[in-house]
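Peer 1: Chains as they are written, first to last, in numbering that gives the first Met the number 0: chain A, 0 to 278; chain B, 0 to 278; chain C, 0 to 316; chain D, 0 to 316.
What the hints contain is simulated information worked out from the structure, not anything from laboratory work.
Please note: incorrect hints may appear among the correct ones.
For each label pair, taking beta carbons as the anchor points, the in silico distance ranges come out as [said to hold, decoys possible]:
1. D/A60 to A/D222: 32 to 38 Å
2. A/Q88 to C/H149: 48 to 54 Å
3. B/R164 to A/V87: 30 to 36 Å
4. C/K155 to D/A60: 39 to 45 Å
Note that beta-carbon positions come from the ideal geometry of N, C-alpha and C, so glycine has one too.
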Amino acid sequence: MLDKKVKVKAIRELGADNYLLTVNTPEQARLVRPGQFVMLKCVEDLAENPLLRRPFTIFDIHRSSRSGKPAGLDLLIKDVGVGTRKLVQTRPGQLLDCLGPQGHGFQVAAEMRNRVQLAYLVAGGVGIAPLFLLAQSLLTHGIRPVLFYGGASAADLVLRENFERLGIECVYTTEDGSFGERALVTQPLAQYIRSYRGKNIRMYGCGPWGMMKAVHLLSIENDIQCEVSLEARMGCSLGACLGCVVQTRDSRGEEQYLRVCQDGPVMNSRLINWNTVPL
Amino acid sequence: MLDKKVKVKAIRELGADNYLLTVNTPEQARLVRPGQFVMLKCVEDLAENPLLRRPFTIFDIHRSSRSGKPAGLDLLIKDVGVGTRKLVQTRPGQLLDCLGPQGHGFQVAAEMRNRVQLAYLVAGGVGIAPLFLLAQSLLTHGIRPVLFYGGASAADLVLRENFERLGIECVYTTEDGSFGERALVTQPLAQYIRSYRGKNIRMYGCGPWGMMKAVHLLSIENDIQCEVSLEARMGCSLGACLGCVVQTRDSRGEEQYLRVCQDGPVMNSRLINWNTVPL
Amino acid sequence: MTKESDKASFKAPHMAVDIAGVRFKNPVMTASGTFGYGLEFSNLMDLNSIGGIVVKGLSTAPIKGNPPPRVYETPSGMLNAIGWQNIGATEFVARKLPVLMNYDTNVIVNIVGFELDDYLEVTRFLNDCPGIKALELNISCPNVKKGGFHFNKDPKDTYTITAETKKASPRLPLWVKLSPNVTDIAEFAKACEDAGADALSVINTFVGMAIDVEKRRPRLRFMTGGLSGPAIRPIAVRMVYEASRAVKIPVIGIGGIASTEDALEFLIAGARAVQVGTANFYQPDISQRIALGLQEYCRLRHIEDINELVGSLQPYE
Amino acid sequence: MTKESDKASFKAPHMAVDIAGVRFKNPVMTASGTFGYGLEFSNLMDLNSIGGIVVKGLSTAPIKGNPPPRVYETPSGMLNAIGWQNIGATEFVARKLPVLMNYDTNVIVNIVGFELDDYLEVTRFLNDCPGIKALELNISCPNVKKGGFHFNKDPKDTYTITAETKKASPRLPLWVKLSPNVTDIAEFAKACEDAGADALSVINTFVGMAIDVEKRRPRLRFMTGGLSGPAIRPIAVRMVYEASRAVKIPVIGIGGIASTEDALEFLIAGARAVQVGTANFYQPDISQRIALGLQEYCRLRHIEDINELVGSLQPYE
Ligand SMILES: Cc1cc2nc3c(=O)[nH]c(=O)nc-3n(C[C@H](O)[C@H](O)[C@H](O)COP(=O)(O)OP(=O)(O)OC[C@H]3O[C@@H](n4cnc5c(N)ncnc54)[C@H](O)[C@@H]3O)c2cc1C
Ligand SMILES: Cc1cc2nc3c(=O)[nH]c(=O)nc-3n(C[C@H](O)[C@H](O)[C@H](O)COP(=O)(O)OP(=O)(O)OC[C@H]3O[C@@H](n4cnc5c(N)ncnc54)[C@H](O)[C@@H]3O)c2cc1C
Ligand SMILES: Cc1cc2nc3c(=O)[nH]c(=O)nc-3n(C[C@H](O)[C@H](O)[C@H](O)COP(=O)(O)O)c2cc1C
Ligand SMILES: Cc1cc2nc3c(=O)[nH]c(=O)nc-3n(C[C@H](O)[C@H](O)[C@H](O)COP(=O)(O)O)c2cc1C
Ligand code: FES
Ligand code: FES
Chain A
0 MLDKKVKVKA IRELGADNYL LTVNTPEQAR LVRPGQFVML KCVEDLAENP LLRRPFTIFD
60 IHRSSRSGKP AGLDLLIKDV GVGTRKLVQT RPGQLLDCLG PQGHGFQVAA EMRNRVQLAY
120 LVAGGVGIAP LFLLAQSLLT HGIRPVLFYG GASAADLVLR ENFERLGIEC VYTTEDGSFG
180 ERALVTQPLA QYIRSYRGKN IRMYGCGPWG MMKAVHLLSI ENDIQCEVSL EARMGCSLGA
240 CLGCVVQTRD SRGEEQYLRV CQDGPVMNSR LINWNTVPL
Chain B
0 MLDKKVKVKA IRELGADNYL LTVNTPEQAR LVRPGQFVML KCVEDLAENP LLRRPFTIFD
60 IHRSSRSGKP AGLDLLIKDV GVGTRKLVQT RPGQLLDCLG PQGHGFQVAA EMRNRVQLAY
120 LVAGGVGIAP LFLLAQSLLT HGIRPVLFYG GASAADLVLR ENFERLGIEC VYTTEDGSFG
180 ERALVTQPLA QYIRSYRGKN IRMYGCGPWG MMKAVHLLSI ENDIQCEVSL EARMGCSLGA
240 CLGCVVQTRD SRGEEQYLRV CQDGPVMNSR LINWNTVPL
Chain C
0 MTKESDKASF KAPHMAVDIA GVRFKNPVMT ASGTFGYGLE FSNLMDLNSI GGIVVKGLST
60 APIKGNPPPR VYETPSGMLN AIGWQNIGAT EFVARKLPVL MNYDTNVIVN IVGFELDDYL
120 EVTRFLNDCP GIKALELNIS CPNVKKGGFH FNKDPKDTYT ITAETKKASP RLPLWVKLSP
180 NVTDIAEFAK ACEDAGADAL SVINTFVGMA IDVEKRRPRL RFMTGGLSGP AIRPIAVRMV
240 YEASRAVKIP VIGIGGIAST EDALEFLIAG ARAVQVGTAN FYQPDISQRI ALGLQEYCRL
300 RHIEDINELV GSLQPYE
Chain D
0 MTKESDKASF KAPHMAVDIA GVRFKNPVMT ASGTFGYGLE FSNLMDLNSI GGIVVKGLST
60 APIKGNPPPR VYETPSGMLN AIGWQNIGAT EFVARKLPVL MNYDTNVIVN IVGFELDDYL
120 EVTRFLNDCP GIKALELNIS CPNVKKGGFH FNKDPKDTYT ITAETKKASP RLPLWVKLSP
180 NVTDIAEFAK ACEDAGADAL SVINTFVGMA IDVEKRRPRL RFMTGGLSGP AIRPIAVRMV
240 YEASRAVKIP VIGIGGIAST EDALEFLIAG ARAVQVGTAN FYQPDISQRI ALGLQEYCRL
300 RHIEDINELV GSLQPYE
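Please put together the full structure from these sequences, using the hints given.
Peer 2: Okay, here's the thing in structure tokens:
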């Protein structure tokens, strides 16, 4: 984990208030594991509002076009409030405070090769962000990812071409039917689970609390290991403020608050007490 | 007085942290009298720090190059803190909140023509700002302005060409002797006063409290009417908050607090209790 | 959606609130000391658009106020130590009130004093003036050396001054404006209610201080000043919540309101109406915008009467 | 300029301060709850660069804390209702303290409890642990339903708990951390001094509240939370000024410090040292930067000893 002043290399509008922000930071880029995030703030007066940095998942590692070596980070940012608005209005050359990579990412280990055949990646909206590095990692380990990507409307399904370019199967759903199936993303997911019963499958999800809860329930019903990436309001991302906790239950059923920033953001969905109020 | 969202037309660096900011605002430009000011804030989130707008004197009326009609305002801004920094970092096209023209300006009346021969304009640093429109107005009324312009160093004597282009006499002083006489501005001023004794003279000043106090004392010694433009921290500029007051004495010697924003910024120097602490 | 709620979306929501028998066309007012005598803003907004104007604190005779510097900006807030400079109640009634009465909005007068008798004198005088809708007793201004503030340190003193002032204003409703610089605001709220106050204004400013580290001098000549602005809003919302639960009389929420959403926080916490203060300085028409914004909020959510919002906070179980 | 002052500009200024017999290499510490157990920041700054680290409030046994959401950002500040989640003093002493002791900085432990006995138990335990330089008695955290906060509502209770805790820590200096949610901080400061406190930490957070106006629910699950950050700084500076004038024991200034200049305000107001809180979250090495900044300030102004600044405010006559 490093704290760097990084330069904005590019900022691309993706529609539906989404932006792809690329920052130059080779040292940080080299450390990234799938599912990790960085904390960003515009470098101006330290006293600017909002005070606190904001967490963003690392969508992809930006590589030098010449050497192919890690040169920076691609971040998907949806403009939803005052902090994100400032970030999406930055221009190339501007400096950002960037702390990371932070957090506990997805478990994709060498021993999964040959044992796990399929991985269902489930995304809602900007929840797509952690799944791209994950998909690449799964492919490296010989595991076939299938993407289930849901949004309110076609415009919300940003960056889907990136997944298509990996040559993986992608299933899209929208609430208004403007693209893919008119359904919640869990509907095709449930069908796939039924058709591929018997295979050794893993599930990975990132999206709104309600969607993740539904994904978790499917994983329980079908006895599939499932990891989800969580969101929480963060103070520090360092494990120090204890502001970002989620209610969990350990194997003995003991309630405990775990820190999304350090014990997560990716957690086994069984750990989580899904009957709590999200942020 | 109007409250407008105005567009930055140009911003020019003048050196020594000074900038000339031009904003488009024909309606406001038409109302300006010499010595008046506007309250500016970058239009972003209303909640941005600093919260309060900042006062800036109107240096000149920017005129349409085609019609010659008032099209906007030229403002001299010195970067001294967080609010001015934000303003000098604006770019053409950006919007500012602009309230004004505000305040009570210089007294230059038709009846002064033929009665007053000379006007001594005394400026320290950005105190030059109100004197340019004043100089123009004096010339219109057939009164000869002489400018006494002091600064720490040559670089502080910004926009002096504008006065020279009016064809008026300009006397420069710097503390380090890098331009003009190495002196306080009041030294040549005192000499001029001595040499032109007998003429009907007026004095007008804008600059640091200490300089204005010295100018005032010279005016008293020599029985010259003197108006100064004052600075104060302002809340509202509307006369409502009573935050911007200066301690004054009326003709009967009664102490009273007058509002720099409405009763000033230009006041007869004899009104002011110069033994008080400036902001 | 039922037909009723569809119809409701076409009906303008009911925005009026009642405070001690006085009708306010909407729950938005401007706070004392931040809106002058009202007329300073008449070119910049429509004074008819808001429920009321609370004018600058008035004493019987004019007060000179504190020496400058009187204001200083702090993170998301400002300090002020104006020190009750005002033109005096007589001058106000003679020159400002007649003009203000041309507007269709309620005029409330904030009253200040050094000793109990000062308060009673100005109260008796104003009680007889037509055009004033209520008096707001200011015992919470921290910016005078000897002054009403000492009535807001012990609930017993608060009780006494409220009861006495109430007797002196038989015609006009009496609001008491409370200081946040206390351990338990509910205690003071109850003391006012018991003493006959008709409403509470919650809150005045926090006592604060800023220092020029070069000169090693206070930024304000008076040394301390009252902290206002968005910085204090979270504390103000909490105090409104506590005060409004402690009493039956209406509470008017004040402190850092700068947007419709801010105003809604106070209403939902329990305020019957709100006052906008410091924000008037940097956005002179903000009170009008908030009045419109509240109406829009209700309209979009099919809330027929803004009073439904008051105290509608749903705590977690 | 005399020759003396010319020479002084080459000498490094004396930056150490003494608090109840303990030497701090400089007056900058990190505030409890905002710096974890210190080690979380060891990759991001040099822990040896600051005078001390006040670790997260500890109880004898671990505490689970409050349900989320626990934090919410407000203008120039934040609300938190962590609720004393901590690993317990035993675990701290076994696992964190030995690592912290490798650094050349003072470790201070903030202690929390629900009842007097809880405080005494953890105090007795920590009093015997080498590597701890002082205890900071936290009776001012507003974020637990039943908890030490009630000891900071009446100076008599503050006196009692301070006196009892002091008896339980014969070896370690006892600092008492005060709440700003009181009418008169000087009264509480004096109660602590009379009860034998060795120093005062001024201030903890203000009780605040924020509301989600769409859901009409509190933003924090606990309903209220503690307001910290630059927003509260002007009030904190004033309280440090008042407290330091009321007592002879050292006062440690806390509240919204985010820059060297902010720290200087507190020292000049009367603080012997300062603690940096919320700013650690958005600028993890800020305490180190402030420690350096204070040295630079003294050097440039030929101040030979930082203690000269303490309480050096020049009020206007
Ligand atoms: C580990 C992690 C990874 C994330 N990755 C991404 C990402 O890759 N792309 C992306 O666009 N967003 C991501 N988010 C969410 C992002 O951090 C928030 O959208 C952002 O903090 C909102 O800041 P704001 O100031 O714009 O919003 P605010 O004005 O503070 O709030 C606006 C809205 O955003 C919600 N919000 C605020 N803070 C958070 C938060 N920390 N997490 C979730 N929602 C929040 C609020 O509830 C509110 O509805 C991530 C969050 C976490 C915790
Ligand atoms: C009527 C009037 C006309 C002015 N005209 C001009 C002008 O034409 N050009 C120009 O550059 N400046 C002018 N000023 C000064 C300008 O308003 C201040 O420099 C500005 O407000 C500082 O804001 P800041 O946020 O950058 O500084 P801050 O960070 O708030 O403070 C930095 C420094 O500026 C000083 N300062 C702060 N506010 C004021 C203030 N209201 N007046 C004077 N000094 C202040 C402070 O004492 C401090 O030393 C004028 C001021 C007034 C009252
Ligand atoms: C410059 C200024 C002057 C004030 N004068 C008065 C006053 O005369 N009487 C009063 O009761 N409150 C006065 N107040 C307090 C405000 O009415 C209000 O209670 C306080 O500022 C909090 O609201 P805000 O945060 O919206 O400003 C004054 C506030 C400011 C900033
Ligand atoms: C997230 C958080 C947790 C805190 N936990 C504690 C604590 O355990 N014990 C304590 O005495 N103070 C605690 N505090 C209060 C701080 O130590 C400090 O007094 C307060 O935040 C004001 O300083 P600041 O404005 O610099 O943050 C906490 C503050 C925050 C923001
Ligand atoms: S964000 Fe501070 S502990 Fe997780
Ligand atoms: S700035 Fe408010 S009265 Fe002058």
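Peer 1: It remains to establish, for every hint, whether it holds in the given structure.
Peer 2: Structure-based check of all given hints:
For D/A60 and A/D222, the Cβ-Cβ distance of about 37 Å falls inside the hinted range of 32 to 38 Å, so the restraint holds. Distance hint for A/Q88 and C/H149: a CB-CB separation of about 50 Å, consistent with the stated range 48 to 54 Å. Range check, B/R164 to A/V87: about 45 Å between beta-carbon atoms, so the 30 to 36 Å window is missed. In this structure, C/K155 and D/A60 meet the distance hint of 39 to 45 Å, their C-beta atoms being roughly 43 Å apart.
Of the numbered hints listed earlier, the single one contradicted by the structure is hint 3.
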